[in-house]
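Residues per chain are reported as follows:
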Amino acid sequence: MTCDMNYNEDQRQILDAANALLNTSYPLSRLQEEKPDDLTALAEFGAFALALPEERGGTGFTIVEEALVHGLLGRHLISSRALANPIAARLAARLGRHEIAEQVAAGTLSVCAAVPADDSLLLIDGAKATLGVVFGGRQVILIALEELPREGVPGLGHSVVLSRVRGPLSMIGECTDSSLLDTSDLLVTAQLLGIAEASRDMAVSYAKVREQFGRSIGSFQAIKHHCANMSVDAEALSALLDMAAIAVRDERGDAAFQVAALRLLAPRVAFANVRTCIQIHGGIGFSAEADAHHYLKQVHVLRQLLSGNTMLDLPAPLAPYTSINERN
Amino acid sequence: MTCDMNYNEDQRQILDAANALLNTSYPLSRLQEEKPDDLTALAEFGAFALALPEERGGTGFTIVEEALVHGLLGRHLISSRALANPIAARLAARLGRHEIAEQVAAGTLSVCAAVPADDSLLLIDGAKATLGVVFGGRQVILIALEELPREGVPGLGHSVVLSRVRGPLSMIGECTDSSLLDTSDLLVTAQLLGIAEASRDMAVSYAKVREQFGRSIGSFQAIKHHCANMSVDAEALSALLDMAAIAVRDERGDAAFQVAALRLLAPRVAFANVRTCIQIHGGIGFSAEADAHHYLKQVHVLRQLLSGNTMLDLPAPLAPYTSINERN
Amino acid sequence: MQLDFTQDDEAFRVSAREWLLANAPRKRGPLDGQSARAFAQAWLSQCHKDGWSGIGWPKEYGGRGLPTEKIILWYEEYVRARAPSVLDCTFVSLNHAGPTLIACGTDEQKAYHLRRILVGDSIWCQGFSEPGSGSDLASLTTTGLVDGDHLVVNGQKIWTSYADIADFQELLIRTEPGSKRHKGLSWVICDMKSEGITVRPIKNMAGATHFAQVFYDNVRIPLSNVVGMLHDGWRVAMTTLGFERKTAAMGLQLELSIKIEDLIALAECPPGSAIGKQLAELRAEAAALRAMTYRTLFKDPVTASDGSLMRLYFAELSQRIHRAAMDILGADALTDSTWTHDYLESYSETIAGGTAEIQRNIIAERILGLPREQPA
Amino acid sequence: MQLDFTQDDEAFRVSAREWLLANAPRKRGPLDGQSARAFAQAWLSQCHKDGWSGIGWPKEYGGRGLPTEKIILWYEEYVRARAPSVLDCTFVSLNHAGPTLIACGTDEQKAYHLRRILVGDSIWCQGFSEPGSGSDLASLTTTGLVDGDHLVVNGQKIWTSYADIADFQELLIRTEPGSKRHKGLSWVICDMKSEGITVRPIKNMAGATHFAQVFYDNVRIPLSNVVGMLHDGWRVAMTTLGFERKTAAMGLQLELSIKIEDLIALAECPPGSAIGKQLAELRAEAAALRAMTYRTLFKDPVTASDGSLMRLYFAELSQRIHRAAMDILGADALTDSTWTHDYLESYSETIAGGTAEIQRNIIAERILGLPREQPA
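Top line first, the protein sequences correspond to chains U, Z, F and E. Note that the working numbering gives residue 163 to position 157 of the first sequence, counting from 1, and the numbers run on in steps of one. Note that the working numbering gives residue 90 to position 84 of the second sequence, counting from 1, and the numbers run on in steps of one. Note that the working numbering gives residue 332 to position 158 of the third sequence, counting from 1, and the numbers run on in steps of one. Note that the working numbering gives residue 339 to position 165 of the fourth sequence, counting from 1, and the numbers run on in steps of one.
Calculated directly from the structure, the hints in this document are not laboratory data. Take the hints with a grain of salt, since some may be wrong.
[What the hints assert, rightly or not] If we take Cβ atoms under 10 Å as the criterion, some of the chain Z residues that face chain U in the derived model are: (1) Tyr13; (2) Arg36; (3) Gln227; (4) Ala228; (5) Ile229; (6) His231.
Glycine included, C-beta positions come from ideal geometry on N, C-alpha and C.
Using the sequences provided together with the hints, build the complete structure.
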């Protein structure tokens, strides 16, 4: 078959392996400890070198498998450093800084994501990072952080870990090339999809066991329909992500269009699902004791890493041949 | 009591009387005949002279009671000529054309609503009207129609009755004064509220009697929650309408603000309720045999008669004394 | 995961495109009645003449037996060329009755009907819904009692599209007296010219009269018209679901991608404007629907609940697109036009074939495993 | 229908405004713990000193017995001056416990508690919800067994706001063994310093710790602390609903009008922009909420279902306003600030005090008369 939207055997294997690693080394329960994620196990697994050519230390997979793995990273609420890392590696390679690219891919240089806020930069979970990737609309910038003084900043709900840096930045280089931005957005939206699916699953599981009025709340149509809505949106987003990942991998003409669609849809779906997940959990969902709120906060983080909306600037892959006026 | 949001005795009486008239002379079942409404009975009731001073043939009520009555006209899907009429009367009076104003209020001159469409005017249910009120954004224009040739135009779903006129118009006068536009919008939104409430009531009644899966569909939570949503929105809109009507009557400083809020909210609520009403009715709701679709089409007509959005141009009646920066 | 079209596929795409641009009617056909029938038949006949009818049907039954890739390309080219809506009066025969006969019919039934369907000679309608069983199909009560070598049918059906112009009907009836729910039903071929059938057309809110109520008063149908086993009609009705959910829905789903492009062309969208934001979101959703459509095509088997996911997404997106059109049209929203007609028709999307509420129940119960609704 | 404020009303408004602008703290108080208690007590004590505590309470109990008009004006001025949130740790005592004691308490209970509440000397919390009965309050199982002239309480409560800093609790318990649903409950005053009480604070998703789980291990409460009749606690709990739904909610509801104005000031809204459209709609909804609030104030009686209508509209509007703020904030949405904190807190609006789903059930069943949910 020349077309097939199902996962192939290799894809199933890498997903199974990544899942096993994540369940062992990064269970959600770790979040209660409020410690920064140690990404060593992921780096050793090769998660940051997935799409690198094998001669550069990569595992020979493609952006498709990398996106699938990032879906799992989203599910497991892995620090956004795991996103900054593959973007930094690609950016460094484009800048001809291959020594940086290789160290980053191997996980020996710590990279964090950063976003501009007024006259400063907010580093996300970057207290100890040596490099930063600034996600600033339609460009990404690689900066050196080693010598910059960081000021701790209380983050959203006291659980997003932030620090602020000011003053002249030590810029390694920047990139405004759409293809890198599309790759970046693909990985970010893959994580958003992971969150959208995980919050659906968490809500459904809870709805099956939580009882009110003498029966499981999942037997109430309002809850059922909430869950159905979460499923439909996650399914649509997931199909779109697969389509976009294939298009990016194969450098198809519609790659930019598909990623633009993802960029709009993914944060919306992830937000809606996380909100519904919290609502279905009731009081416990609003507490810091359930994990639902961590998904919410991560969605807020991830959406800041998406580049700008280009949805109406791109030709559609499926457009009419004649204008509607010609037809009627 | 100096403040009271309940209807007083006079208001209850006029509503009861109008309701009795409408039930007798304008039952919804008349719509199956697809004939233009004869507004004589309403004119004789004084519906078009409600807010006129008594010395001019009015009944001495105010815009508040007029708005309440227009809520009932909306419920009964009375032709939009019943809206064009009181606006034409007010506009003629402002233009010093008192003879026109009096004939219109008495119902002896027929007036229709008109909206600009490209280089022509669409008359709504105006096949025999002698005057037209053009609702064109932030102005209303009174035109004479007698000598204009009209071309029949198929209307929305073949049930909105339209005709088109072209060429130079015989303009009697125009008005861009906000107070007249606010009065007009108040009556239009009152009709939209009437539709929002009527479609809620129609949906609830049907949900109680229609059975599927061995029980009334109103016992399913999805249907219940649809109905609850219709109620909440209609209740909010209704409270806002009362607030705005009082403000317009008493020439309060916040009248324009309240009407601006109505202008945004009323079509949205009416649409949502009518859509839900159709959905709850299932197949029969989609057919032309139930009345739900008439509500839908009337909402489309009424929204065209609303003047432009001014919501963010007006000061709020309840605004902070200090900016948030001063506070923190 | 791959979407690699071969050179052969691309050549097929070009031939489909060229044929469609040269042959597809330039104007929308009539909405209902005999003129709609004539228009649809002429178009299908023209398709058939050049080998474009039943492209997914097996070759042995007169189709072209094309693989999924080429069917995708056909429908993509079909909607891009603005060929007539797939949801015309040939929809049921091509996408539902035909495939059911192929799967469950006798040789005689196949021999008689399949070619007529492909050529456009016979028009079919569907007799499933009843006044008391809209969303609850299994509660249907129209009966067929065996009398010699015939079934004698009494009862009524409703929301039967094109009943007034159809030659045959796929009719689901309760043949086992006293049976409950899904049991004891049969799927039979009903000749619409049979004595005892009365068709009462019902006008819809868009002003078109393409559905009807059908009354059966001692209608005699030969037992040889039963498709599959007697009393086994539910299973027969379910066999085409996969086909229906894959191929048949494709044309409708892809058409939304065209509609949103038309809407973007129609609207003036300054960057950052409210309408621009809305259209961008709708365009993104149409892209997602297309991706879902393709994903489903390669899924095996496609379950009823997969269908519900896609159906629900499609229906609500279609309604949103059409509502946005009404906002963009301004005063023209009051006139009858292709946009306003389609807008009104779109209200049926969340009702026909199982309401949105039923689809959500199916998703919640069958995919997510939430507890079943408690019966009364 | 009229909204005519008298000269006397207007003079009152001016005096309220001047006092608030001169006295209301310029900064938001601490969120939780003893410092939040100290802040709230200092503010209430200041209000009381100048006659602004319990303005709606009857004069005989230390209030000012002001009519509805003046209470409206007070809350309007209160939110405009950005005085401290009414939903601090004095909310339950002023708006719930106090009015309940006024309506149902004994002379001794009133004499002991009411003045302490008005002055800010005693802080109350509410002990209604339990782990197994969140939205289903009537299923509560914490028991109080009569033992001589005491009740012996065992069980647990959850989502009790400010339990860690409260002096007293309004505690709803099952005092009639074996009773079901609303029957056999009692409303008692529980001294939070009683032996056998353990408070486990629970951090919420906004990082504040203002609610808690409370465990009762053979806690002895004098029978003289029962408010109303023994076993008649449900009725007692319901008496304050009217008050709560009228006056208490007003401050919160009107505060949204201020928040939307702040948001409009914060955002840059070019005409026709997507964000401008959204803010215009939110502003219109806030205006509608204000109108609903006023309407409800003049309604008599205010039923539970009136409360549900308003509660639901308020809750969802509040969440939409706060979500819009997050969009507008851009990268600042990642930092902890008044806006982001309030945004996270807003998630409780559709959960606390009966979820949005429960409110919709109440509206559908009690206002619209749709059939009751079938019990399991």
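Numbers of the earlier hints that this structure fails to satisfy, in rising order: As far as the earlier hints go, 1, 2 are violated by this structure, in ascending order.
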